[in-house]
Amino acid sequence: MVSGSLSPQLRADAERAEGMARAVGLDFYEVVFEMLDAADVNAVAAYGGFPVRYPSWRFGMSFERLHKSYQYGLSKIYELVINNDPTYAYLVRSNSRMEQKLVMAHVFGHADFFKCNVWFAPTERSMVEVMARHAERVRLHIERQGQEPVERFLDLALSLESLIDPYLPLREHLRGERENGKAGGAAGGIAERVRRRFEARWGGGSELEATEDSPGRGLPTYDVLGFLLEEAPLASWQRDLLRIVRNEAYYFVPQRMTKVINEGWASFWHSKLLTGGLLDPSEIVDFADCHAGATAVAPGQLNPYKLGIELFRYAEEKGLDIMRLRRIHNDVSFIDEVVDEEFAARNQLFVYRTQGPDGRMQVTDRDWQAVKQQLLLELSWCGSPRIELERIGSDGCLELVHRHEGRDIKLDEAGEILGQLASLWRRPVALSTRVGGQGRRLVHDGGELAVLESDGAEPKHSEAG
Amino acid sequence: MMGGQVYRMERDRARFRDIVRGRLRKDLRKYLSTSELLGRQGKRAISIPIPQIELPRFRFGENDGQGVGQGRGDEGRAADGEGAEGEGAGEAGDQAGQHILEVEVELEELAQMLGSELELPAIQPRGTRQLSTEGGRYTGIRSTGPASLRHFRRTYKRALKRTIAEGAFDPRSPRVIPIPEDGRYRARRTCPRPESSAVIIHMMDVSGSMGREQKDIVRIEAFWIDTWLRSQYQNLEVVYIVHDAVAKIVDQESFFHLRESGGTKISSAYELCLSLIREKYRPENWNIYPFHYSDGDNWSARDTDRCIGLLMDEILPAVNQFCYGQVKSAYGSGQFKKDLDGALGADERVVTAAVNSRDEIAESIRLFLGKGR
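One line per chain: the protein sequences are A and B, in this order. Residue 291 in the working numbering sits at position 291 of the first sequence, and the numbers go up by one each step. Residue 223 in the working numbering sits at position 223 of the second sequence, and the numbers go up by one each step.
Careful, some of the hints might be misleading.
Claimed, not checked - Listed next, the in silico BS3-like pairs over lysine-lysine satisfying Cα-Cα at most 30 Å (straight line):
#	chain 1	residue 1	chain 2	residue 2
1	A	K272	A	K76
2	B	K371	B	K337
3	B	K30	A	K68
4	B	K338	B	K43
5	B	K43	A	K68
6	B	K26	A	K68
7	B	K43	B	K30
8	B	K280	A	K410
9	B	K30	B	K248
10	B	K338	B	K328
11	A	K410	A	K68
12	B	K43	B	K371
13	B	K248	B	K161
14	B	K30	A	K410
15	B	K337	B	K30
Said to hold, decoys possible - One-sided excerpt, in silico: chain A residues whose CB lies under 10 Å from chain B:
#	residue
16	P55
17	S56
18	R58
19	F59
20	L160
21	I322
22	M323
23	F350
24	Q420
25	L424
Said to hold, decoys possible - Computed list of chain A residues with no C-beta within reach of chain B, every gap over 12 Å:
#	residue
26	R22
27	G25
28	A43
29	C116
30	G218
31	G226
32	F227
33	D240
34	L279
35	R391
36	G447
These are computed hints drawn from the structure, not numbers from a lab. Just so you know, even glycine gets a beta-carbon here, dropped at the ideal spot from N, CA and C.
Given the sequences, and given the hints that come with them, work out the whole structure.
Right, dumping it as structure tokens:
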């Protein structure tokens with residue numbers, strides 16, 4: 001069912017788009033379209049589409065950037081849709097009717113993906129209300145503690161935002177289902193297959209493997225935020241802020257791990273629905289122009305819209321069950337399943353490397369396996385460095401390990417984060433990583449950062465120097 | 001539900017701007033020695049580029065220069081060369097880039113920051129001169145005027161009074177028809193408004209030895225001096241004079257970019273400055289601030305004597321303060337400052353400063369503006 005503040009004409013368009021989407025087998029919660037003025041869309045986008053977020057200067061900064069970029073004509077926001085039940089989506093009043101139809105059809109694609117994709121199964125579906133409650137709590141803390149300390153702690157927590165385990169929500173979700181006697185349910189079977197595939201590619205223990213039996217405080221873990229929440233010596237308002245940040249980070253995880261497949265799915269269907277009868281013949285050329293803009297490829301950039309739509313078109317051509325693909329995959333497993341020699345050749349994919357002082361990009365490899373490997377590497381772990389909390393050292397030192405997969409991390413920023421972690425943990429914090437093939441151990445004791453050389457093979461547990 | 005977001009955004013935005021102002025205040029010394037802000041000011045505000053404030057995160061670093069692209073081209077060929085397609089309309093990535101944000105700050109506010117950073121006293125304008133200006137507010141009423149300025153309510157009241165007085169008013173059919181004599185019109189009422197005016201006369205030596213770096217230093221000095229004095233006077237004019245062996249008035253653009261060569265006769269500039277004061281900027285009406293910048297070389301000792309004479313007898317009695325900034329250059333002897341200090345060092349209307357590098361700009365501005373004259 002479609003609802004929202006639409007003109008009768010747009011409402012009719014939305015209902016037609018919904019009917020067509022249902023007819024091809026898409027399945028979604030009620031979709032609510034909100035109409036926005038062009039001037040307001042940047043403010044709404046800066047909040048990620050949520051009507052109420054906690055107060056933070058970062059949203060203000062994000063707004064400034066969107067607003068300037070819009071003023072200079074560099075970018076324009078077309079679609080904004082949030083994973084919720086009902087699903088909220090925004091239309092911009094100044095768009096043409098063709099563009100509105102395009103956005104609507106695209107939104108139904110996303111709405112279906114949110115509801116049907118297994119990685120979204122554990123997500124909070126009343127996030128609009130949850131965010132509002134978070135906002136209320138943060139305001140309460142500001143009232144009691146003052147703006148400065150709350151702001152400072154929020155900034156600190158947010159810079160640790162990526163220290164979570166992207167696979168944790170689904171794992172816990174499935175465990176919940178098992179305990180409720182739904183073992184071997186559809187989702188469980190799917191996740192199991194995905195896990196095996198993942199293991200086959202990356203080897204070793206899978207991230208889907210449950211770690212709840214590990215001795216002592218659930219270590220090792222990637223869910224550093226969760227660990228700190230339990231173990232760090234925090235005031236109750238700090239703990240609450242950390243809980244809020246962690247909660248929102250986990251809500252956004254499925255979106256970070258399905259950028260390509262989610263955008264591909266929505267684009268695949270907007271294209272089908274629009275050219276399959278939703279458009280007036282007079283709108284076809286404008287649509288083609290708009291669609292080409294959205295799927296254009298800039299050199300050296302991965303356009304998730306383009307890559308995703310091509311993957312689905314290719315899969316459909318090969319006779320794969322695309323409904324099943326959208327149900328079970330994230331970006332990594334989807335690309336692993338669909339990309340082959342023919343796909344890479346047809347889409348002229350290549351690996352590039354930036355070279356020379358001016359950072360020119362050069363094509364280095366057209367071998368499809370190299371291309372695929374590079375794609376998977378870029379998308380794995382939501383595109384962030386994989387940092388695991390391995391253990392607590394004898395002096396209470398928090399021992400983090402960067403699971404190096406060929407890409408070094410920035411040491412200066414890592415050092416800053418360690419400092420913040422140390423102030424929160426109140427004991428030393430260490431990170432083992434590799435830089436240029438050399439082992440490095442960063443230790444922050446709350447006062448100073450030390451960068452030590454280590455053998456690089458396995459993290460050494462030397463005393464802080 | 002959207003009204004709330006827009007309202008809330010105002011607060012988050014204001015908070016962000018506060019943070020930016022805090023940074024600006026903290027980094028003001030840095031801006032005092034770079035030309036970053038020049039040419040960015042509008043009438044009332046200046047747009048200041050600041051690096052985006054990023055929270056630290058675990059991020060991939062230098063050896064991440066590899067990726068997957070799409071398009072034609074053999075292995076070993078440049079991938080971003082010809083035939084590059086336009087940018088996609090995709091969503092913004094969440095990877096950090098070197099974003100530069102531009103933040104608008106009112107010039108008035110920037111001046112305040114400068115004032116508190118350098119502990120500048122407010123200026124006491126010389127004498128109590130008041131310039132009357134015509135206030136242009138339509139607060140008066142008169143009985144003639146163009147239809148576009150007709151005051152409807154007052155006209156109607158007039159007509160109503162007249163109709164009642166004539167006994168023609170019928171409450172059951174309250175018709176009021178104005179005649180031309182009823183017309184009342186808005187009128188401009190002039191009121192004298194006190195106004196303080198100031199003029200800055202920037203004079204610069206553009207002889208061969210003043211290089212790019214020396215001019216940049218002058219440029220930065222002039223920008224901050226203008227910013228401060230603008231905040232102190234309601235009306236500020238700026239005049240630019242360049243000189244080598246002869247002096248001329250130029251616009252701002254050429255003041256900073258002109259490169260002449262040849263000898264240096266500083267008195268030529270002072271003479272031009274004096275004639276400006278005599279003909280256009282009478283000391284009775286203006287607070288006058290001549291600034292002179294050079295690398296300290298003058299054509300001859302005789303010309304220097306002439307300069308000192310001009311200053312003592314003619315210029316100093318007319319101005320609030322005379323400032324000389326000596327910018328170090330590779331060939332400059334620095335003699336002129338010594339001569340000035342020797343002859344006029346005791347006169348509190350004269351301030352001289354040596355600027356040996358960009359780092360000394362802030363200190364020289366503090367010297368120039370620190371007397372509150």
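Exercise. Holds or violated: is the Cβ of M323/A closer than 10 Å to a Cβ in chain B?
Worked result: 25 Å, violated
Exercise. Within a Cα-Cα threshold of 30 Å, do K338/B and K43/B meet the stated pairing?
Worked result: 39 Å, violated
Problem set entry | Interface restraint verdict for Q420/A against chain B (beta-carbon cut-off 10 Å) | This interface hint holds because 7 Å falls under the 10 Å limit.
Exercise. Given L160/A was flagged as interface, is its beta-carbon under 10 Å from a beta-carbon of chain B?
Worked result: 9 Å, holds
Problem set entry | Minimum beta-carbon distance criterion (10 Å), R58/A to chain B | 8 Å, holds
Exercise. Can the restraint linking K43/B and K68/A be considered satisfied, given a maximum Cα separation of 30 Å?
Worked result: Status holds; Cα separation ~20 Å.
For this session: Beyond 12 Å from every chain B Cβ: check whether that's true for G25/A.
Result: At about 26 Å from chain B, G25/A clears the 12 Å cut-off, so the statement holds.
For this session: Examine each Cβ of chain B, and state whether all of them lie more than 12 Å from the Cβ of G226/A.
Result: At about 17 Å from chain B, G226/A clears the 12 Å cut-off, so the statement holds.
Exercise. Keeping to a limit of 30 Å between CA atoms, is the pair of K43/B and K371/B held or broken?
Worked result: At roughly 27 Å apart (the allowed maximum being 30 Å), K371/B and K43/B satisfy the hint.
Problem set entry | Satisfaction of hint between K68/A and K26/B, Cα-Cα up to 30 Å | 25 Å, holds
For this session: Take a quick look at whether K30/B and K248/B sit within 30 Å of each other, Cα to Cα.
Result: 33 Å, violated
Problem set entry | Proposed proximity, K328/B with K338/B (alpha carbon, max 30 Å) | 13 Å, holds
Hints 4, 8, 9, 13, 21, 22, 25 and 28, counting from the list given before, are not met by this structure.
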